[in-house]
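Q: From first to last, the protein sequence lines are chains A and B.
For the first sequence, position 63 (counting from the first letter as 1) is numbered 63 according to UniProt numbering, and the numbering increases by one without interruption.
For the second sequence, position 31 (counting from the first letter as 1) is numbered 31 according to UniProt numbering, and the numbering increases by one without interruption.
Hint data in this document are derived by calculation from the structure and do not stem from the laboratory.
Idealized CB from N, CA, C, for every residue including glycine.
Just to be clear, a hint being listed does not mean it is correct.
[Unchecked claim] Here are the simulated distance ranges between beta carbons:
1) B:195 with A:162: 48 to 58 Å
2) B:197 with A:83: 53 to 63 Å
3) A:224 with B:61: 47 to 57 Å
4) A:94 with B:59: 29 to 39 Å
5) B:260 with A:191: 16 to 26 Å
6) A:87 with B:61: 18 to 28 Å
There are 2 protein chains.
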Amino acid sequence: MEKFSRNTRIAAITKTLIENPNKVINLSTFTEEFNAAKSTISEDILVIKETLVRQNMGRVETVAGAAGGVKYVCGMSKKDKDKLIDELCTILREKDRIIPGNFIYMTDIMYNPEIIRKAGLILASAFVDKTVDCVVTVETKGIPLAYEVARMLGVQLVIVRRDNKVTEGTTVSINYVTGSNKRIQTMSLSRKALKSGSNCIFIDDFMKAGGTALGIINLLKEFDSNLVGIGVLIEDVEASKKLVEDRVSLIEFSGLDENETAVIFPSKCFK
Amino acid sequence: MEKFSRNTRIAAITKTLIENPNKVINLSTFTEEFNAAKSTISEDILVIKETLVRQNMGRVETVAGAAGGVKYVCGMSKKDKDKLIDELCTILREKDRIIPGNFIYMTDIMYNPEIIRKAGLILASAFVDKTVDCVVTVETKGIPLAYEVARMLGVQLVIVRRDNKVTEGTTVSINYVTGSNKRIQTMSLSRKALKSGSNCIFIDDFMKAGGTALGIINLLKEFDSNLVGIGVLIEDVEASKKLVEDRVSLIEFSGLDENETAVIFPSKCFK
Numbered sequence: 001m002e003k004f005s006r007n008t009r010i011a012a013i014t015k016t017l018i019e020n021p022n023k024v025i026n027l028s029t030f031t032e033e034f035n036a037a038k039s040t041i042s043e044d045i046l047v048i049k050e051t052l053v054r055q056n057m058g059r060v061e062t063v064a065g066a067a068g069g070v071k072y073v074c075g076m077s078k079k080d081k082d083k084l085i086d087e088l089c090t091i092l093r094e095k096d097r098i099i100p101g102n103f104i105y106m107t108d109i110m111y112n113p114e115i116i117r118k119a120g121l122i123l124a125s126a127f128v129d130k131t132v133d134c135v136v137t138v139e140t141k142g143i144p145l146a147y148e149v150a151r152m153l154g155v156q157l158v159i160v161r162r163d164n165k166v167t168e169g170t171t172v173s174i175n176y177v178t179g180s181n182k183r184i185q186t187m188s189l190s191r192k193a194l195k196s197g198s199n200c201i202f203i204d205d206f207m208k209a210g211g212t213a214l215g216i217i218n219l220l221k222e223f224d225s226n227l228v229g230i231g232v233l234i235e236d237v238e239a240s241k242k243l244v245e246d247r248v249s250l251i252e253f254s255g256l257d258e259n260e261t262a263v264i265f266p267s268k269c270f271k
Numbered sequence: 001m002e003k004f005s006r007n008t009r010i011a012a013i014t015k016t017l018i019e020n021p022n023k024v025i026n027l028s029t030f031t032e033e034f035n036a037a038k039s040t041i042s043e044d045i046l047v048i049k050e051t052l053v054r055q056n057m058g059r060v061e062t063v064a065g066a067a068g069g070v071k072y073v074c075g076m077s078k079k080d081k082d083k084l085i086d087e088l089c090t091i092l093r094e095k096d097r098i099i100p101g102n103f104i105y106m107t108d109i110m111y112n113p114e115i116i117r118k119a120g121l122i123l124a125s126a127f128v129d130k131t132v133d134c135v136v137t138v139e140t141k142g143i144p145l146a147y148e149v150a151r152m153l154g155v156q157l158v159i160v161r162r163d164n165k166v167t168e169g170t171t172v173s174i175n176y177v178t179g180s181n182k183r184i185q186t187m188s189l190s191r192k193a194l195k196s197g198s199n200c201i202f203i204d205d206f207m208k209a210g211g212t213a214l215g216i217i218n219l220l221k222e223f224d225s226n227l228v229g230i231g232v233l234i235e236d237v238e239a240s241k242k243l244v245e246d247r248v249s250l251i252e253f254s255g256l257d258e259n260e261t262a263v264i265f266p267s268k269c270f271k
């Protein structure tokens, strides 16, 4: 039987843990893969554990019991969080991002895996100690961010559609009023998409008054499910009275200044 | 200045490499972080390199020159690929997945991060030696898979919309005919979303005749960009003559059998 050095085992175990956030991996997976005693693997994991804590890179938790093992719980140092949020502020203040109607063009950011991976990690870290069964979003721009949060929390992603699709079976549709310009919109979700009694968090790219989030709360009621948290990349702090409380955001937007530049600041949430 | 053991450095460097697929990381990042000589870090990386090759977990490449460094290139062993594809086949053959209209319900699979991460890795590994500037998909079901492929290749994701959005500035829209039921559909992409001269791969959940892929080729022409590859999770091999050649898929679907069960097999692409 092949033997592996401690260094080799540590590299391979680290890779497996990092690739499977919030998933409990039984130690026997590693004892079999490396033909090593449980005590040896435990020592390897202790090294990884100490490294992550020391470097502020998240943590490794031990889960006791028959279905027990170890899992990687995502995390990021305050320094790295601040760095990403500051970089995002600089990017969002770029003058040529303002498009007709005084919107900020941010599609390139929402679809940039390097940025979205880190932003998703920051948002996920806010919910990592809650019981979360799934991450909900409304198509389209927030999907990569919501997917990253779901991946980091090791749970299912649920995407609410704006139309009905023949390929999704029976759907439940609700109408809701957008908080900012009072338009009536529809959102739909397949009956098969969400188990009754799920604890959900809602992730989106941008929040104004929170009409969409309110719609999500009502839609979740149709599935006997609860909203236990809201996370957005940017929130518009100028928008009229917020319809939902208790949310986290990375960045605050408060309109355009006299030079037609977006007024953008880091949120207080991760300060 | 703090000192770190080889074990600690290997755990931390592995994490950083795995979290940044296909991104060149300069060795100075690590020499500064660990207060270590370049030769020491090179030895650490050699251990990680050998581990990944030995365990069939992808590879670490050294990039020479001033902007050089090391990068993790994703990969998966044939055994793990076969395992995922076989599991997917079993799931897709479940009888209660057939919904009215003889569609297979597969939304839960497309939005399951554990499955999509591995499926994305398999598809990305097919394009990892090509020059790819971005990954293109059409909303909505294929977005998480396309995002994973983009993340693994370290490139931008581009999402083509079925409607125009006021928040995306000037858009280019084209009409295309679906290959299977000859309906006319529209797809739109913001002018800002794609640089001229980009090499793109198209990723989607399901391919029938390939009408959507043909539409993408025409849309890319409007941006003076090229399609250099197509990857889908499932392809319908019963569909009439394929409109596009040269694609990879994980799974082949050939209709329902006399028991109304989906006829599903692993594709030849990754066999």
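Q: Taking the hints in turn, state whether each one holds.
A: Hint check:
Between residue 195 of chain B and residue 162 of chain A the beta carbon distance is about 29 Å. The supplied range of 48 to 58 Å is therefore violated. Against the hinted window of 53 to 63 Å, the Cβ-Cβ separation of residue 197 of chain B and residue 83 of chain A comes to about 31 Å, which falls outside the hint. Distance hint check: the CB atoms of residue 224 of chain A and residue 61 of chain B are about 50 Å apart, consistent with the given range 47 to 57 Å. As the Cβ distance of residue 94 of chain A to residue 59 of chain B is approximately 37 Å, the hint placing it in 29 to 39 Å holds.
Taken as a hint, the range 16 to 26 Å holds for the pair residue 260 of chain B and residue 191 of chain A, whose Cβ atoms sit roughly 20 Å apart. For residue 87 of chain A and residue 61 of chain B, the hinted distance range of 18 to 28 Å is satisfied, since their beta carbons lie about 26 Å from each other.
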